[in-house]
Every structure is written in structure tokens, then in C-alpha cells.
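Enquirer: Listed below, chain by chain, are the residues.
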Amino acid sequence: MYAFDIERPTTIADAVAALKSDEAQPLSGGQTLIPTLKSRLAAPSKLVSLSSISEMVGLSDEGGVLRIGGATKHDTVAKEAGGSHPGLAGLAGKIGDPAVRHRGTIGGSIANNDPAACYPAAALAHGATIVTDRREIAADDFFTGMFDTALEEGEIVTAVKFPRPEASNYQKFEQPASRFAMVGVFVAKFADGVRVAVTGASEDGVFRWTEGEEALSANFSPDALDGLSVSAEGMITDLHGSADYRAHLVKVMTKRAVAAAR
Amino acid sequence: MTKVTLTINGKSVSRDVEGNTLLVSLLRDDIGLTGTHVGCDTSQCGACTVHVNGESVKSCTMFAAEADGAEVTTIEGMANADGSLSVIQAAFQEHHGLQCGFCTPGMVMTAANLLKENPKPSEHEVRAYLEGNICRCTGYHNIVKAIMAASGQDVSAIAAE
Ligand SMILES: Cc1cc2nc3c(=O)[nH]c(=O)nc-3n(C[C@H](O)[C@H](O)[C@H](O)COP(=O)(O)OP(=O)(O)OC[C@H]3O[C@@H](n4cnc5c(N)ncnc54)[C@H](O)[C@@H]3O)c2cc1C
Ligand code: FES
Ligand code: FES
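Protein chains in written order, with the working numbering: chain P, 1 to 262; chain D, 1001 to 1161.
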């Protein structure tokens, strides 16, 4: 690793101020950033740790909407979100392994927008709102491509707000070595329709399968998808699976998520 | 340099660390607690697992500066007060849950965390919880058996494979 300093502010305002200096970067759970620093793929002069900012940690209910602080660990979401958001809690409990879940955070995962990460699918399927230090961004506008988001320089995710679905589920077809999603599908049913978000599959990162959404909004059952097929265009091909295989998995995992939704 | 003060295995320790000093290097290189191992150094293998404030973390993927004020427990802190092996450690010995022993500190720390959360796990739950701990020797079977035995469950029916 190159040399850098670490600052540990205790308020969002102090963190934002610390991030104004040249080449400063936020550090949350470090489960993605530390390996990146070890490979010398990033050379910040200063890391601003978000883990001591108590206003960014924890879950709260805001009139039926679940607000999760940006520095909340995966393990906390897995243990505490299940009552109102079982799909979300299930997703968090399957990220990586226990030690990763004891450090990794929702804000870090959303901000990183890894094309195979789980949380972006949950945010998109819930129609969540990403809260930053300066504005609120709809999930539909937030994920702008592989490893790319609407965040500006020095802007941090302070919370994510999830409306409560009537039923939801996440199904991950794991890439067994990395435990990330080969294809992961989050299905969330709301009074005004069903949303289906897919991660792991597309070269543009997380996306909504709108055809599937229409079919499921008319009839929320796995059979409703029988006549549909997903195009392999723009899907990822790598040593773990071809674009065709991933396209096929999208439908399979969506069906499983619908069958398991509660 | 930042000054960090933390509790390691019950003893308060203060050190000056660089921003990029990993918790595992503080433990091994600075304090001399070499029971915590570094296998992959890429957050995959779990050999470096320690407890920070009671939760298992990979000490190769956490900065020492972030452990300021924390309670850290390493494998050196796992034996009973009189120096005898703890229940989990004794079960690893009894059920041959190790061969070369390189992964064992991480396995024991992860197992302790599991049994704290789930005192009577099923075999499936043990295997799922060990997802981030890799062993190149045993084939896991006796590790799972040792952890089940440490939880007080009868493992006589789990045949050696
Ligand atoms: C072995 C292993 C297995 C994993 N398996 C999975 C998996 O199955 N599914 C999955 O989804 N993920 C997986 N991950 C990734 C894990 O979920 C990470 O914790 C997560 O992607 C990043 O979160 P973090 O808090 O660790 O962020 P960090 O690593 O600290 O930061 C990641 C990036 O986001 C930036 N950042 C961090 N927080 C914020 C914020 N609040 N606002 C703005 N920018 C911010 C940082 O500057 C950095 O660029 C795995 C990781 C490991 C090591
Ligand atoms: S050495 Fe830390 S996970 Fe392998
Ligand atoms: S006993 Fe050798 S790696 Fe596990």
C-alpha cells in the first residue's frame, strides 16, 4: 500500500469537511477498499473513516419506510431488518461470510456499485432513496453503470431509505469462489406493481427487468414468466459463465424469487 | 502516525501506527502475537480472523487505526485462565480438527463467534458459518465435528469420511 493518513470524524459535517482535501477518500468497512489499496489500484493521501459517525449507523422506521444508516454493517441489517423487509435481511445475511458482514457496510456497497454486488439490486427493486450529505437520489437515477454512480466528488451516502414491500425475496446464484452473485435477482411486490432488479449479469451493472415486472404485476406467480426470454445482448461473459448462461439465469432466479417471496 | 489505545486479550496496549498499518501487522509484528496467521492477505482465507468487540473480523482487512478503543481477542486469549485449552480448542484436538494447523487460529475464532450466536448449530449451519475460513488439509469434516462436539452435541453418529 502507498502511504496515507486516516481520520476518524464523529459527525457527517466533519467527514464532509475532511473529504474536501485533495485525494481524500471515504473508508467504510474497508472490505472492498483495503484489497484495492493493497493492489495499489488507489492512492489516496487521506482516508476518512465513516465508522465512528453514530448518526450513520443503525436502522429506524420512518412512517413505514425503513431508513438504514450508510455505515450500518451487513450483519446488523441481516439481524434487524427482517420484520418489515425479509428479502433485504435475507440478502444481507448472505453477503460474503460472517467476518465480511461484521465490517462491510451498505453505504460502501451502494457507493462502490460492483456489477456483482447484492445491495444495488435491493435498492433498485425497492425503489429506494439514496440519502447523501447534500441531497436525495432515487435508486433509478443512482446506479449509472459498472462501478459508477451519481455521487459527486466528496459526496457520501449517509443513509438508504427502503419503502416496505408487500412481499420480497432475493435469490443469488453464487460464484462459488468469490461468493459474489453470478446472477442475483431481487423481486419486490408493491401495491402499485412489481419491481425486478438484476445484478451480476449485465455489463452496465444492476438493471430492472421491465418485461418481467409487467408480467408479474399482472400475475404474481412464477408461471407468469413462462413465455418470456431475456436477451443475452450486453450480458457479461467471463470464465465463470457465458452471456447466454447469465441471460438464462435471470429468468430462473426471478422465478425462484417469486416462489420464495413473502 | 496516529496513537491507538486498545485492549488486546484483556491488556491495555498503546502504540503509534501508520495510516496503512493493518490490524494483523500490529498484532504480529509489533505486539508479537504470532498466533494470528496471514494466509492470503486478500480477505479470502480467514486465517487472520480475530474478534473485535466480540465479532469475528479478518485482521488483514482492517486498519490498526480503526481498532482504537476496541477490545481485541486473538487465539492467544482463547485458553482458560489456568492455561488449559478452552472447550473449542480441546474439541479440535480430540476430534483431529487440524493437520498442519495453519488455518486453526482463524477456525477457532470463527467457531467461538458462531457458538456465541448459535449455541447448538446444525451441521449445515456450522458449514455455512465457516464459509470464509479455508483449510487446505482436513477437508473440513473433522473441523465441523469438533465444533459440533464443542457445542455439547453428540457427534458419534457423524462418521469419519
Ligand atoms: C470475501 C468477500 C466476499 C464478498 N462477498 C460479497 C457478496 O456476496 N455480495 C456483495 O454485495 N458484496 C460482497 N463483498 C463486498 C462487501 O459487501 C463490501 O463490504 C462492500 O462492497 C463494500 O462495503 P465497505 O463498507 O466494505 O466499503 P469500503 O471498502 O470501505 O469502500 C468501498 C468504496 O466505496 C467508497 N465508500 C464507502 N462508503 C461510502 C459512503 N458512505 N459514501 C460514499 N462512498 C463510500 C469508498 O471510498 C470505496 O471507494 C465481499 C467482500 C469480500 C472481501
Ligand atoms: S489472511 Fe486475512 S483473510 Fe486470508
Ligand atoms: S489444517 Fe492445514 S490448512 Fe487447515
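Hints may contain errors.
Over 10 Å on every C-beta distance to chain D, these chain P residues come out as not near it, computed from the model [stated by the list, open to error]:
no., residue
1, 3
2, 14
3, 18
4, 31
5, 49
6, 97
7, 226
Cross-link-like lysine-lysine pairs, in silico, DSSO-like; alpha carbons within 27 Å at most [stated by the list, open to error]:
no., chain 1, residue 1, chain 2, residue 2
8, D, 1003, P, 20
9, P, 161, P, 79
10, D, 1003, P, 38
Taking CB as the label site, the calculated pair distances span [to be verified]:
no., chain 1, residue 1, chain 2, residue 2, range
11, D, 1125, P, 39, 32 to 40 Å
12, P, 135, D, 1012, 39 to 47 Å
13, P, 39, D, 1071, 46 to 54 Å
14, P, 259, D, 1122, 22 to 30 Å
15, P, 65, D, 1029, 45 to 53 Å
16, D, 1086, P, 214, 30 to 38 Å
17, P, 238, D, 1012, 18 to 26 Å
18, P, 214, D, 1035, 51 to 59 Å
19, D, 1071, P, 58, 30 to 38 Å
20, D, 1122, P, 252, 25 to 33 Å
21, P, 177, D, 1086, 51 to 59 Å
Derived from the structure by calculation, the hints contain no laboratory data.
Idealized CB from N, CA, C, for every residue including glycine.
Enquirer: Work down the list of hints and note, for each, if the structure agrees.
Expert: Hint by hint, here is what the structure shows:
1. 3: violated, 6 Å
2. 14: holds, 16 Å
3. 18: With a cut-off of 10 Å, residue 18(P) remains clear of chain D, as the shortest Cβ separation is near 13 Å.
4. 31: Given a closest Cβ separation of 6 Å, the condition is violated.
5. 49: violated, 6 Å
6. 97: At roughly 3 Å from the nearest Cβ of chain D, residue 97(P) sits no farther out than 10 Å, so the non-interface label is violated.
7. 226: holds, 32 Å
8. 1003(D) <-> 20(P): Distance ~24 Å between residue 1003(D) and residue 20(P) Cα, so the pair holds.
9. 161(P) <-> 79(P): holds, 17 Å
10. 1003(D) <-> 38(P): holds, 22 Å
11. 1125(D) <-> 39(P): 32 to 40 Å: holds, 34 Å
12. 135(P) <-> 1012(D): 39 to 47 Å: holds, 43 Å
13. 39(P) <-> 1071(D): 46 to 54 Å: This hint is violated: roughly 31 Å between Cβ atoms.
14. 259(P) <-> 1122(D): 22 to 30 Å: holds, 24 Å
15. 65(P) <-> 1029(D): 45 to 53 Å: holds, 47 Å
16. 1086(D) <-> 214(P): 30 to 38 Å: Given a distance of about 57 Å, which is not inside 30 to 38 Å, the answer is violated.
17. 238(P) <-> 1012(D): 18 to 26 Å: violated, 48 Å
18. 214(P) <-> 1035(D): 51 to 59 Å: This hint holds: roughly 57 Å between Cβ atoms.
19. 1071(D) <-> 58(P): 30 to 38 Å: Once the Cβ atoms are compared, 20 Å apart, the range 30 to 38 Å for residue 58(P) and residue 1071(D) is violated.
20. 1122(D) <-> 252(P): 25 to 33 Å: Once the Cβ atoms are compared, 27 Å apart, the range 25 to 33 Å for residue 252(P) and residue 1122(D) holds.
21. 177(P) <-> 1086(D): 51 to 59 Å: violated, 32 Å
Violated hints, in rising order: 1, 4, 5, 6, 13, 16, 17, 19 and 21; the structure is consistent with all others.
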